[in-house]
Every structure is written in C-alpha cells, then in structure tokens.
Amino acid sequence: MSTTTNVEQEIKEIKEKLELLVTLSNNILQLLVKEEEPVADEIAAIKKRKN
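In terms of our numbering, the sequence shown opens at residue 1 and continues consecutively.
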C-alpha cells in the first residue's frame, strides 16, 4: 500500500469512529432528557402538594 492509501484509510477509520462517537453522544443526551422528564413531573407534584 502506498502512503497516500494508508492515510486515506486512516482518515476513513477516524471518520467512522467520529460518527460512532456522535451517535453515542446523541443517545446519551436522549437518555438524560428522558430521565429529566419524570424528575420535572415529580417536582411539579411536590410543589402542588405544598400549596
């Protein structure tokens, strides 16, 4: 393999890894948002009970 081909292959692999990281990050953010919703509901319920 030529040096150019090696570099191109490495770039391709890095891009694939970055895409996976972005997907993983998005999934984590979605999970965090889903976790916050019930907490917000619980806080609202507690505030209602206090009033």
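The set of hints was computed from the structure by calculation and includes no laboratory data.
In this text, all values refer to a predicted model and were calculated from it rather than measured experimentally.
Even for Gly, the Cβ is constructed at its ideal location relative to N, Cα and C.
Worth double-checking, as some hints may not be accurate.
[Said to hold, decoys possible] Per label pair, the in silico range of CB-to-CB distance:
no. : residue 1 : residue 2 : range
1   : K50       : Q30       : 36 to 44 Å
2   : K17       : I43       : 47 to 55 Å
3   : K17       : R49       : 45 to 53 Å
4   : I43       : L21       : 38 to 46 Å
5   : I43       : T23       : 41 to 49 Å
6   : E42       : K12       : 26 to 34 Å
7   : A45       : Q9        : 53 to 61 Å
8   : E35       : S2        : 45 to 53 Å
9   : P38       : Q9        : 39 to 47 Å
10  : E10       : V39       : 52 to 60 Å
11  : E8        : E42       : 48 to 56 Å
12  : A45       : S25       : 26 to 34 Å
13  : I11       : K50       : 51 to 59 Å
14  : E16       : R49       : 45 to 53 Å
Consistency of the hints with the structure:
1. K50 - Q30: 36 to 44 Å: violated (31 Å)
2. K17 - I43: 47 to 55 Å: Once the Cβ atoms are compared, 39 Å apart, the range 47 to 55 Å for I43 and K17 is violated.
3. K17 - R49: 45 to 53 Å: holds (49 Å)
4. I43 - L21: 38 to 46 Å: At 32 Å between Cβs, range violated.
5. I43 - T23: 41 to 49 Å: Given a distance of about 31 Å, which is not inside 41 to 49 Å, the answer is violated.
6. E42 - K12: 26 to 34 Å: violated (46 Å)
7. A45 - Q9: 53 to 61 Å: Because 55 Å falls inside the window, the suggested range holds.
8. E35 - S2: 45 to 53 Å: holds (49 Å)
9. P38 - Q9: 39 to 47 Å: Given range 39 to 47 Å: holds, Cβ gap about 45 Å.
10. E10 - V39: 52 to 60 Å: For V39 against E10, whose Cβ atoms are near 43 Å apart, the range 52 to 60 Å is violated.
11. E8 - E42: 48 to 56 Å: About 52 Å separates the Cβ atoms of E8 and E42, which means 48 to 56 Å holds.
12. A45 - S25: 26 to 34 Å: Roughly 31 Å apart at Cβ, these two residues keep to the hinted range, so it holds.
13. I11 - K50: 51 to 59 Å: Check passed, 58 Å falls within 51 to 59 Å.
14. E16 - R49: 45 to 53 Å: holds (51 Å)
Hint violations for this structure: numbers 1, 2, 4, 5, 6 and 10, all remaining hints satisfied.
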